[in-house]
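Trainee: Heads up, the sequence shown is in the UniProt record's numbering, so the first residue is 1 and it goes up one at a time.
It should be emphasised that the hints constitute simulated quantities derived from the structure, not laboratory data.
Any given hint could be a false lead.
[As the list claims (entries may be wrong)] Now the in silico label distances, taken between C-beta atoms and shown as ranges:
1) 42 with 18: 14 to 24 Å
2) 123 with 145: 35 to 45 Å
3) 155 with 3: 21 to 31 Å
4) 160 with 49: 21 to 31 Å
5) 18 with 81: 14 to 24 Å
6) 150 with 49: 34 to 44 Å
7) 70 with 38: 18 to 28 Å
8) 47 with 153: 28 to 38 Å
9) 154 with 49: 11 to 21 Å
10) 155 with 1: 24 to 34 Å
11) 150 with 84: 35 to 45 Å
12) 4 with 179: 29 to 39 Å
13) 152 with 1: 19 to 29 Å
The structure presented is a predicted model; accordingly, all values stated were derived computationally and were not measured.
Backbone N, C-alpha and C fix where the C-beta goes; we use that ideal spot for every residue, glycine too.
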Amino acid sequence: MTSLWCGELVRLRAVEPEDWAAFAAFDRDTADQRATDRVFPPRSESGYRAWAQEEAAGSGSDVFRLVIEAVAGSTFVGSINTFDARPLDGCFSYGLGVLRQYRRRGYAREAITLLLGYMFGERRYQKCDVSVYAFNEDSLALHRKLGFVEEGRRRRQLFAGGAHHDVVLFGMTAEEFRA
1 MTSLWCGELV
11 RLRAVEPEDW
21 AAFAAFDRDT
31 ADQRATDRVF
41 PPRSESGYRA
51 WAQEEAAGSG
61 SDVFRLVIEA
71 VAGSTFVGSI
81 NTFDARPLDG
91 CFSYGLGVLR
101 QYRRRGYARE
111 AITLLLGYMF
121 GERRYQKCDV
131 SVYAFNEDSL
141 ALHRKLGFVE
151 EGRRRRQLFA
161 GGAHHDVVLF
171 GMTAEEFRA
């Protein structure tokens, strides 16, 4: 039996209520928060538990979050989520975060590839748009290596770490993904 949610390195799976602790650990590192989204005020343990419970319930839509789990050891290594899914236009976006100790092992690359395979191959989306903070050199390099096309730059769109930063816009079509 094969699953489109499982590659050689990672498996994408639903968020479970007990994943709250892994998400809390990720948020303890300011640099990790800043690289994937924004720095938020601390959240209580009960707040993380409630959030994970809500994520585990799922939305039933094309906007969802999945855990990135290493195939070897079934270890939580990060998460990937879709947002701004517009079925009428056939466009969607995603964001992801991988815990620092699991970076540069191919986990993010494979998680993105699995997600794109699902959204293009099963949900009939035709375009994926991604915004990457200009200071996140690893993510910029990863998206270029995956074949995303740089479509533009929004200057000074993010304020983080005491400074304004550009956001680099990437896109990939279903045809580019399959090439």
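Trainee: Could you run down the list of hints and mark each one as holding or not?
Mentor: Hints, verified against the model:
1. Between residue 42 and residue 18, the C-beta spacing of about 20 Å keeps the proposed range 14 to 24 Å intact.
2. The hinted range of 35 to 45 Å is not satisfied by residue 123 and residue 145, whose Cβ atoms lie roughly 24 Å apart.
3. At roughly 42 Å, the beta carbons of residue 155 and residue 3 sit outside the given window of 21 to 31 Å.
4. A C-beta distance of roughly 27 Å is found between residue 160 and residue 49, which places it inside the suggested range of 21 to 31 Å.
5. Checked against the hint of 14 to 24 Å, the pair residue 18 and residue 81 passes, with Cβ atoms roughly 18 Å apart.
6. At about 40 Å, the beta-carbon gap between residue 150 and residue 49 stays in the expected band of 34 to 44 Å.
7. Judged by the Cβ atoms, the range 18 to 28 Å given for residue 70 and residue 38 holds: they are separated by roughly 27 Å.
8. Hint check: residue 47 to residue 153, Cβ distance near 35 Å, so the stated range 28 to 38 Å holds.
9. As the Cβ distance of residue 154 to residue 49 is approximately 36 Å, the hint placing it in 11 to 21 Å is violated.
10. Remark: the range hint 24 to 34 Å for residue 155 to residue 1 is contradicted by a beta-carbon distance near 49 Å.
11. Taking 35 to 45 Å as the suggested C-beta distance range, the pair residue 150 and residue 84 does not conform, at roughly 19 Å.
12. The beta-carbon spacing between residue 4 and residue 179, approximately 19 Å, falls outside the hinted interval of 29 to 39 Å.
13. For the hinted restraint 19 to 29 Å between residue 152 and residue 1, the CB-CB distance of approximately 42 Å leaves it violated.
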